[in-house]
Amino acid sequence: MASGIRDKVAILGMGCTKFGERWESSAQNLMVEAFEECIKDAGIEKKEIQAAYLGTHFDEVNVSKAATPLSLTLRLPFIPVTRTENFCATATEAFRAACYAVASGAYDIVLALGVEKLKDTGYGGLPDINSVDSFMTGSNSTAPGGFAQLATAYSRVWGLPMDKIKDAIAHVSAKSHANGALNPKAHLRKVISEEQIKAAPMIAYPLGLFDCCGVSDGSAAAIVTTPEIAKSLKPNQDLIKVKSIQVIASSGEEQGFNTWDGAHFATARVCADKVYGEAGIKDPRNEISMSEVHDCFSITEFVTVEDLGLSPKGGAYEDVMSGRFDLNGESPCQVDGGLKCFGHPIGASGLRMIYAMYEQLLDRVPEERKVKNARLGLTHNLGGTPAWNVCAVSVIGRD
Amino acid sequence: MIGICSYSGYIPRYRLNRKLIFGAMGWMNPATIGNARGEKAVANFDEDSITLAVSAGRAALKDVDPATVEVLYFASTTLPYKERLNAGIMGPAIGLKDQVRAADFTASLKCGTTALLAALDGVKDGDSKKVLVASADCRLGKPGSPQEMIFGDAAAAVVVGGENVVAEFKGSYSVTYDFGDHFRGANSKYDNQWEDRWIRDLGLDQFIPEAVTGLLEKTGLQITDFSKVIYPCIYPAARKGIAKKLGITPEMDQDNLQMEVGESGTPHSLVMLAKALEDANPGDKLMVISFGSGCDALCFEVTEQIGKLNNRNALSTALAEKAELDNYNKMLVWRDIMPADFGKRKEVDHWTRFSAMWRNRKLMLALEGGKCSKCGTAQMPAQDICVNPECDASHTQEPYSFAGKTGHVLSFTGDNLAASVNPPAIYGQIEFEGGGKFMFDFTDCSLDDVVTEMPVKMSFRRKYYDEKRDISGYFWKAVPVKEGK
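In the order they appear, the protein sequences are chains A and B. Under the working numbering, residues 4 to 402 are what the first sequence spells out, in order. Under the working numbering, residues 5 to 489 are what the second sequence spells out, in order.
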């Protein structure tokens with residue numbers, strides 16, 4: 004009987020680049036930047052890394068396929084290196100693979116590194132990912148349009164008027180901007196008011212410009228090991244252990260079968276249940292100290308807090324408007340500014356989120372953006388569209 | 005008895021007031037003020053002759069079992085493909101079986117009636133097999149030209165057979181001349197024409213009477229036997245002259261829809277015929293004349309059967325379901341007359357993979373998904389394993405078409421980021437009555453028209469145009485149906 008990986012893996016070190024329009028930096032430069040911080044934090048030498056996983060998504064505009072972009076860039080000394088790719092869960096997948104490699108006993112010290120260089124396309128938004136099938140029969144759609152439909156569907160299902168949804172998602176973005184403004188590694192560092200958010204140009208109804216996350220370059224990395232090794236290497240530091248990581252992919256039921264209402268993520272609900280089971284969390288609404296929810300768009304965060312059990316079903320509006328997810332609220336969300344302010348270099352985001360939890364759990368952040376008494380941090384990725392996607396959720400914690 | 009078993013006309017949704025054209029381009033050619041009255045029908049950005057004819061063809065088959073159609077003729081001078089049978093693209097979209105004889109008729113504005121005559125030649129009294137003739141054109145005049153104002157986009161379709169005939173075919177008479185009134189070379193985008201006076205005085209004023217007289221002699225009928233005489237001619241003075249010469253009274257003169265649609269080219273006689281048939285009574289005789297490199301003249305007599313048609317007024321319905329195109333430049337951009345900046349995203353190159361398209365032809369052209377023979381779940385696309393998680397059966401999908409199904413809007417958006425020639429790109433999730441769900445582009449609507457749960461009908465449209473390789477690709481879109489329609 005599988006027992007999961009709860010408390011079998013510890014994070015030895017992490018690194019995260021400044022996210023943003025890194026016109027002067029290649030993907031390779033970014034990988035080195037994240038890795039240098041990570042290995043310094045881990046306090047080990049490169050030759051002690053026994054295996055590595057690279058997360059990167061858009062090989063078309065980025066670093067090309069396979070493991071070699073990482074092994075060649077870091078000059079890893081002939082060790083096993085594997086590329087993971089799973090839409091927006093790509094970096095979390097690299098982290099999961101690294102954790103599984105340690106938990107299985109195959110290796111003691113493993114690197115997970117995610118990177119994405121998005122700002123070489125020449126246009127805003129994400130590059131097109133039309134497959135042969137979607138080219139023939141897919142809509143002329145973009146990421147914001149796919150997620151924007153959550154709003155019209157949510158309005159239909161819960162009877163919440165569109166103007167109230169617009170109010171709530173404006174609060175979601177304003178909160179993230181307030182947090183991002185405090186974070187030197189964030190891409191977008193301006194405080195934006197709810198009025199400005201609601202008055203912004205429409206991207207995909209009802210999402211305006213500030214309902215959409217940034218498009219950025221960035222990289223983040225983690226070195227994981229066993230709790231025993233971590234304790235021996237860092238006897239004077241809190242142990243940050245992995246409580247659970249789960250990834251769930253759509254079966255196609257949501258898109259093709261008539262039970263899905265278009266207003267929630269079926270994958271996220273299953274994924275959350277599995278994560279809480281593995282991590283032994285009974286009451287996520289009150290047990291999770293803080294979260295990084297995949298806020299590619301404000302409406303995604305709004306809907307997802309319900310799917311993750313951080314809000315009751317149909318209760319997101321009340322929780323959002325009451326400030327529950329604000330930095331000083333009961334359940335701070337996007338404590339570093341989120342995708343909203345970091346932007347979303349696909350292959351790096353999951354690890355960037357874990358980095359945000361990690362630095363909070365180790366009390367490494369300045370007072371102004373500190374989450375008090377943080378013990379459990381949740382990260383969530385959602386890749387694809389509401390109708391078919393992959394969802395990743397992880398929980399890390401301090402003993 | 006052989007003749008017409010059903011008919012339809014289709015006019016695209018948008019109408020451009022000709023005064024807008026004159027306002028934009030009249031400075032170049034002030035004489036076009038003479039044509040600056042009424043509206044012209046403008047195909048939507050995702051319509052072309054194929055899709056217009058599919059819309060007309062599907063409407064004409066509401067009263068005829070598509071399985072009985074064994075021949076499909078498509079008539080147009082604006083064929084999207086010179087090589088690749090245009091009618092071959094249309095057949096599955098109209099709902100026809102693969103076992104049909106299909107051909108494109110082209111190169112003359114009279115080829116619509118020529119296709120109809122070929123169809124009539126191919127059926128016998130009592131025959132249960134049917135021939136579908138569909139015709140459409142989207143002819144372009146250069147900005148500032150008279151043709152730009154005169155032309156309009158339209159389609160018509162006629163089903164011909166030997167039983168359940170609503171208008172009996174009584175005879176025809178044809179003349180063919182190499183008459184270069186209008187011409188386009190193999191690579192011309194825009195219409196060219198010779199002098200109006202010559203077209204009028206030598207062409208229309210001589211060929212039409214010649215064809216009419218020939219038909220009357222052949223059938224032994226008098227012009228006064230006809231309740232309607234149907235012929236395209238955009239010159240009001242010439243119409244008067246022809247009417248006087250032939251004895252066509254104002255009551256007999258079928259309106260040419262110049263104020264509502266414009267001169268639609270190949271389908272025009274059949275569009276006018278559809279209008280005449282909507283208003284006709286049993287016993288009425290109709291004469292249909294086409295004009296283009298000569299004339300065809302055809303005689304029909306309406307039967308009692310016409311009262312049994314359920315879908316008699318498709319043309320009038322399409323005429324009524326109009327929306328104003330309030331911007332002349334939109335037409336120029338939609339027709340790729342004026343270059344516009346669609347953004348870098350539009351420059352991303354996508355290949356049309358014909359081998360993949362072949363495998364998916366039923367889905368793409370006929371909007372065919374599957375229905376599970378075990379659990380009965382309708383689904384799209386049809387995959388090897390049933391989408392119903394409780395069923396999960398393998399290899400149980402039976403063909404199931406969504407083309408005629410009503411859907412409802414589950415969710416939607418209007419996307420300004422997507423590269424579109426008609427932003428915002430409106431699309432959303434559609435749930436079909438009877439089961440099945442898919443995300444479709446929406447068309448023939450504005451974002452303000454759309455609300456969740458509203459019904460949609462499906463329409464065959466041009467999905468993309470690949471300029472680099474001159475490829476038109478097709479799929480289905482959802483058309484929101486407003487309340488009261």
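Derived by calculation from the structure, the hints in this document are not laboratory data. Wrong hints could be hidden among the right ones.
Unchecked claim - Cross-link-like lysine to any residue pairs, in silico, SDA-like; alpha carbons within 20 Å at most:
no., chain 1, residue 1, chain 2, residue 2
1, B, Lys467, A, Gly141
2, B, Lys350, A, Ser137
3, B, Lys409, A, Asp131
4, B, Lys350, A, Gly141
5, A, Lys169, B, Thr456
6, B, Lys350, A, Ser134
7, B, Lys467, A, Lys167
8, B, Lys350, A, Thr140
9, B, Lys348, A, Glu24
10, B, Lys366, A, Thr140
11, B, Lys348, A, Pro130
12, B, Lys409, A, Asn261
13, B, Lys348, A, Gly128
14, B, Lys461, A, Lys50
15, B, Lys348, A, Trp26
16, A, Lys167, B, Asp452
17, B, Lys350, A, Tyr126
18, B, Lys350, A, Pro130
19, B, Lys409, A, Thr140
20, B, Lys350, A, Asp131
21, A, Lys122, B, Gly347
22, B, Lys348, A, Ser134
23, B, Lys375, A, Thr262
24, B, Lys467, A, Ser137
- Task: Determine which of the earlier numbered hints do not hold for this structure and return their numbers in increasing order.
- Result: 3, 7 and 14
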